[in-house]
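Q: Each chain, written out:
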Amino acid sequence: MLPEFDKNAGFIWASYALGAIMIGGAILTVMMKARLAKAELARTQVRAEEARQK
Amino acid sequence: MSTRALLSATDLGMIRGERILFRNVSLAAHAGEAIVLRGANGAGKTTLLRILAGLTRPETGNVNRAASHHWIAHREGLKPHETPRTHLGLWARAWGAPTDQIDDVLNKMALIRPSDVSARHLSAGQRRRTALARLLLQERPVWLLDEPLTALDADGRELLLGMIFEHRMQGGTIIAAIHGDAGFDSTCEVTI
Amino acid sequence: MFSWFANPHRFLTLSSWLAPICYALGALLIAWSLWQGLWIVPKDEYQGGDIMRVMFLHVPAAWLAMASYMGMAVMSFIWFIWRHEVADIAAKAIAPLGATWTALCLATGSIWGKPTWGTWWQWDDARMMSVLFMFFLFLGYMALRAAMDTRQKAARAGAILAMVGAINVPLIKFSVDLFTSLHQDASVITVDGPKMAAVYLWPLLASGLGHSLLFAGLVMTLMRAEIWQRRAAQIRARLMAGD
Amino acid sequence: MSASPILSAFRQALTEAWAGGAGALMPLGFFAGAAVLVPLGIGTDPDTLRAVGPGILWVALALASLVTLERIFQADVEDGALDLWLQTGAPASMIAAAKAFAHWLTAGLPLAILSPIFALMFQAKADTSLLTHMGLYALGGLAFFFWGGVGAALSATVRRGGLLISLIALPLYVPTAIFGALAMSGGPGSTGAPLFLAASTLFALAVAPFAMGAALRLAAD
Numbered sequence: 001m002l003p004e005f006d007k008n009a010g011f012i013w014a015s016y017a018l019g020a021i022m023i024g025g026a027i028l029t030v031m032m033k034a035r036l037a038k039a040e041l042a043r044t045q046v047r048a049e050e051a052r053q054k
Numbered sequence: 001m002s003t004r005a006l007l008s009a010t011d012l013g014m015i016r017g018e019r020i021l022f023r024n025v026s027l028a029a030h031a032g033e034a035i036v037l038r039g040a041n042g043a044g045k046t047t048l049l050r051i052l053a054g055l056t057r058p059e060t061g062n063v064n065r066a067a068s069h070h071w072i073a074h075r076e077g078l079k080p081h082e083t084p085r086t087h088l089g090l091w092a093r094a095w096g097a098p099t100d101q102i103d104d105v106l107n108k109m110a111l112i113r114p115s116d117v118s119a120r121h122l123s124a125g126q127r128r129r130t131a132l133a134r135l136l137l138q139e140r141p142v143w144l145l146d147e148p149l150t151a152l153d154a155d156g157r158e159l160l161l162g163m164i165f166e167h168r169m170q171g172g173t174i175i176a177a178i179h180g181d182a183g184f185d186s187t188c189e190v191t192i
Numbered sequence: 001m002f003s004w005f006a007n008p009h010r011f012l013t014l015s016s017w018l019a020p021i022c023y024a025l026g027a028l029l030i031a032w033s034l035w036q037g038l039w040i041v042p043k044d045e046y047q048g049g050d051i052m053r054v055m056f057l058h059v060p061a062a063w064l065a066m067a068s069y070m071g072m073a074v075m076s077f078i079w080f081i082w083r084h085e086v087a088d089i090a091a092k093a094i095a096p097l098g099a100t101w102t103a104l105c106l107a108t109g110s111i112w113g114k115p116t117w118g119t120w121w122q123w124d125d126a127r128m129m130s131v132l133f134m135f136f137l138f139l140g141y142m143a144l145r146a147a148m149d150t151r152q153k154a155a156r157a158g159a160i161l162a163m164v165g166a167i168n169v170p171l172i173k174f175s176v177d178l179f180t181s182l183h184q185d186a187s188v189i190t191v192d193g194p195k196m197a198a199v200y201l202w203p204l205l206a207s208g209l210g211h212s213l214l215f216a217g218l219v220m221t222l223m224r225a226e227i228w229q230r231r232a233a234q235i236r237a238r239l240m241a242g243d
Numbered sequence: 001m002s003a004s005p006i007l008s009a010f011r012q013a014l015t016e017a018w019a020g021g022a023g024a025l026m027p028l029g030f031f032a033g034a035a036v037l038v039p040l041g042i043g044t045d046p047d048t049l050r051a052v053g054p055g056i057l058w059v060a061l062a063l064a065s066l067v068t069l070e071r072i073f074q075a076d077v078e079d080g081a082l083d084l085w086l087q088t089g090a091p092a093s094m095i096a097a098a099k100a101f102a103h104w105l106t107a108g109l110p111l112a113i114l115s116p117i118f119a120l121m122f123q124a125k126a127d128t129s130l131l132t133h134m135g136l137y138a139l140g141g142l143a144f145f146f147w148g149g150v151g152a153a154l155s156a157t158v159r160r161g162g163l164l165i166s167l168i169a170l171p172l173y174v175p176t177a178i179f180g181a182l183a184m185s186g187g188p189g190s191t192g193a194p195l196f197l198a199a200s201t202l203f204a205l206a207v208a209p210f211a212m213g214a215a216l217r218l219a220a221d
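Chains as they are written, first to last, in this note's numbering: chain E, 1 to 54; chain F, 1 to 192; chain S, 1 to 243; chain A, 1 to 221.
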């Protein structure tokens, strides 16, 4: 199923593997950062709400 | 006493990082007046003074400067290699003030003896008096003083209070951030 | 148009639907270009055989290295002049992502260079050298922002550096071009139009667009994270101040 | 816009550089160190040294400029002089340019003037080209001190900002280093390179002061 390449196959797969790792890593960190920030904001808003009620 | 304010600020606000330092602070300094800024350490007294001096950009509000001002801050602006004489000489030339008056300014500030000692070897009091000597180099109506009394001994305080009194008599104004007893009667106090 | 940048709230609503579209479209285009580039497109002996297939990753990364830095510089300029917060948030979000694609470009270029020119780093390659200095400009920007103590100072210092960097990019590019003699001249977009066969060109443009859309989506998500972070920090500050 | 504040800023920077002693001697020591260490590292065969010489001296000049630049604005921030300079009414860019120029005069120019000695150590032929190279080192050094000045002003409030200055200044030094080394290589393109070097230095003199001024206003904010 994978395509057959000539003698430089190693270099080609290495490049694309590196691309997958770096871009995949970027996507994961960005998504994780967004989720953490959103959760942190929600938590802080709840705390602010409680403080206002006290 | 002319009613025109020498320096006025309206609705000043400042934030540091995410913390609101102060909000809608307004003041106006007229000839002969003295405004003392009060507040705990780190409350923003120095920041407010720096806004009035035009060094710091306020978050909200603006400052209207009708007259030139002197700036004497906690960090005196003395280079380690400068002596009182060269320091005053440099700033007299920078401001276009006459340089022949330097000797009697040094005399008035009791700095004749250490006048050629480089700042690195001066005492804190002598460094403070060298900075205060800049006030006499050129006649500027507004004096912005940040904790001017620190590091001054008894006759140093006496000297400064005399200068302040004389400056106000000649129609100048003072805005000073002071911790504790000011030593002069201020027309109004702004607490942050 | 600039007032649009001013309001973080408006940006949040806009990006809530625009970012997913960028992700979807970007993924689609990248997938198609990969499928074409690796499976369909014939080997080109003149360009060194199969190794030229790396270009479907290397060329978009090179394009994004330059485009993202210029985007960051424009955002910095808008923030510096009109103080629109969203512009600063955009510049701050672009930097790490731009640096990632720049690093990717350097890495794939080096891997591509080994079989083609026999060295892992071709000093005489003007484009690779320019991308290398873009990488340093990104690092300098991020290091400077991190070294500042408040958010406002970081924004202002970063803006100054980004603008100085951007104004120097043409000079750096020119000096590097003068310095290098041996180089594979830019085969995609040249004065007399793309010289490449259409069968290579379409996947290349598709992957370029795909990477750009993915990049834009990631920048928007990172900006949303930054806005939430700042909101939380402001609420915490008010809580601490007790009003 | 009276010039007296700018002249005074220039004079203060000049005396500060000389008084501290560090101004002139440290970069010289750094420059000599780099120039002496390299032959020990890459071998002393005359041909390689003659080929590599100009390039090494450019790198040494760049690094020497970074050594002195870290202090020129940081000192003013710490002792409060910057606050005074920003209130003299003179534009911050002119004050910054005066200070950067003063530091070039006390550190960059001496290195350029001494460059023939190091060039001879790198087996350069003792002919008039040494003098023209001296001029090129001076011209290029000016661009180093102005672009490096931007990095120094931006990191004036950063503790141990030296590393940050190098990271910021490195890409900005590239054109000067390339044109400078090319102008001295004698190979193809070396006739036009001095003009490009002059052009890139003029570009630095025109652009860098405004960036330095904005950065100093930020440092005092």
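No wet-lab data here; the hints were simulated from the structure.
Certain hints may be false.
Stated by the list, open to error - Derived BS3-like pairs: lysine-lysine, alpha-carbon spacing no greater than 30 Å straight-line:
1. S:K153 - E:K33
2. E:K38 - E:K54
3. E:K7 - S:K43
4. E:K7 - S:K153
5. S:K153 - E:K38
6. S:K43 - S:K114
Q: Take the hints in turn and mark each one as holding or not.
A: Do the hints match the structure? See the list:
1. Distance restraint check for S:K153 and E:K33: the Cα-Cα separation of roughly 23 Å lies within the 30 Å cut-off, and the hinted pair is therefore satisfied.
2. About 25 Å separates the Cα atoms of E:K38 and E:K54, which keeps this hinted pair within 30 Å; it holds.
3. Straight-line distance between C-alpha atoms of E:K7 and S:K43 comes to about 12 Å, which keeps the hinted pair within the 30 Å bound.
4. Proposed proximity of E:K7 and S:K153 is contradicted: the alpha carbons are some 53 Å apart, above 30 Å.
5. The suggested pairing of S:K153 with E:K38 holds, with an alpha-carbon distance near 25 Å, which does not exceed 30 Å.
6. At roughly 18 Å between alpha-carbon atoms, S:K43 and S:K114 fall within 30 Å of each other, so this suggested pair holds.
Hint compliance for this structure: hint 4 is the single one not met.
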